[in-house]
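Trainee: Listed below are the residues making up each chain.
Protein chains: 2
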Amino acid sequence: MTCPLCDEVGGVPVWRDEKLRVIRVDDTPAFPAFYRVVWNAHVAEFSELPAEDRHHVMDTVAAVERVLRQKLAPTKINLAALGNMVPHLHWHVIARFAEDSHFPAPVWAPAQREAPAALLKRLAEALPALDAAIAGALNG
Amino acid sequence: MTCPLCDEVGGVPVWRDEKLRVIRVDDTPAFPAFYRVVWNAHVAEFSELPAEDRHHVMDTVAAVERVLRQKLAPTKINLAALGNMVPHLHWHVIARFAEDSHFPAPVWAPAQREAPAALLKRLAEALPALDAAIAGALNG
Numbered sequence: 057m058t059c060p061l062c063d064e065v066g067g068v069p070v071w072r073d074e075k076l077r078v079i080r081v082d083d084t085p086a087f088p089a090f091y092r093v094v095w096n097a098h099v100a101e102f103s104e105l106p107a108e109d110r111h112h113v114m115d116t117v118a119a120v121e122r123v124l125r126q127k128l129a130p131t132k133i134n135l136a137a138l139g140n141m142v143p144h145l146h147w148h149v150i151a152r153f154a155e156d157s158h159f160p161a162p163v164w165a166p167a168q169r170e171a172p173a174a175l176l177k178r179l180a181e182a183l184p185a186l187d188a189a190i191a192g193a194l195n196g
Numbered sequence: 057m058t059c060p061l062c063d064e065v066g067g068v069p070v071w072r073d074e075k076l077r078v079i080r081v082d083d084t085p086a087f088p089a090f091y092r093v094v095w096n097a098h099v100a101e102f103s104e105l106p107a108e109d110r111h112h113v114m115d116t117v118a119a120v121e122r123v124l125r126q127k128l129a130p131t132k133i134n135l136a137a138l139g140n141m142v143p144h145l146h147w148h149v150i151a152r153f154a155e156d157s158h159f160p161a162p163v164w165a166p167a168q169r170e171a172p173a174a175l176l177k178r179l180a181e182a183l184p185a186l187d188a189a190i191a192g193a194l195n196g
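Here the protein sequences come in this chain order: A and B. Numbering of the first sequence is given in the working numbering, commencing with residue 57 and proceeding in unit increments. Numbering of the second sequence is given in the working numbering, commencing with residue 57 and proceeding in unit increments.
Treat the hints with care, since some could be wrong.
The list treats identical chains as interchangeable, and a pair is accepted whether it falls inside one copy or across any two copies.
To be verified - EDC-like cross-link-like pairs, simulated, lysine to aspartate or glutamate; straight-line CA separation at most 20 Å:
#1 Lys177 to Glu64
#2 Lys177 to Glu74
#3 Lys177 to Asp63
#4 Lys177 to Asp115
#5 Lys177 to Asp82
#6 Lys127 to Glu74
#7 Lys132 to Glu155
#8 Lys127 to Glu101
#9 Lys75 to Glu155
#10 Lys132 to Glu101
#11 Lys132 to Glu104
#12 Lys127 to Glu104
#13 Lys75 to Asp115
#14 Lys132 to Glu64
#15 Lys177 to Glu104
#16 Lys132 to Asp73
#17 Lys75 to Glu64
#18 Lys127 to Glu108
Just so you know, these hints were derived from the structure itself, not from any lab.
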């Protein structure tokens with residue numbers, strides 16, 4: 057059994073410390089502003105972590121969320137730790153917009169429309185500054 | 057504008073304190089072991105809460121998760137805070153099983169099969185003890 061989040065970074069590296077890493081997901085074209093906070097060690101369930109580590113991972117999730125809110129003013133942030141396919145703890149942090157391809161449904165539901173090109177362009181252009189702002193917030 | 061999580065409890069009441077409540081979701085027949093941790097005040101985004109409150113809500117999520125793992129031995133726990141339809145902070149805590157209607161897809165994706173009657177029966181029978189164990193864990 058191999059685990060893709062043990063074997064690979066899993067996306068565009070944004071920030072990391074000894075315990076966890078933040079990556080930008082680059083394989084979901086309809087959702088460019090999609091980050092993951094990945095626990096570095098192979099742990100399946102959130103509640104397997106001691107309180108201090110749980111607080112650290114959620115403080116990191118909140119910091120990523122805060123940057124997305126400040127820089128993009130999304131309609132909503134979606135957070136999730138599912139791991140049905142890859143049972144290695146990772147938190148999805150996704151900026152959602154009223155006009156995106158799935159809203160108000162979750163990103164895992166069927167698409168309701170095509171994502172508007174103007175939204176995708178705005179988000180794509182924002183990504184370098186977003187990555188930098190997330191790293192800055194976590195270094196700060 | 058009214059908010060259903062301001063106006064109503066939102067499910068079967070399991071536990072509450074000043075800040076939050078735990079409810080069992082009773083409107084998703086395919087997923088009987090489905091709880092929500094609802095922030096009592098109307099807050100839309102997780103990162104709007106100060107650190108102490110974020111830790112409290114996630115400690116509660118972890119406690120619910122731990123009881124589900126201990127009592128049901130699910131294949132995986134799924135956690136999510138979405139709120140696209142009801143932007144009032146609530147965490148979904150869902151016990152998932154390899155044979156459930158959607159696994160390994162998220163519960164918001166199309167169903168892949170009917171949920172086996174034996175699984176639904178086992179979970180339905182476990183609910184009163186689950187509710188009590190969650191309340192006990194949070195009181196403890």
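Trainee: If any of the earlier hints don't hold here, list their numbers in rising order.
Mentor: Hints 1, 2, 3, 4, 6, 9, 14, 15, 16, 18 contradicted; others consistent.
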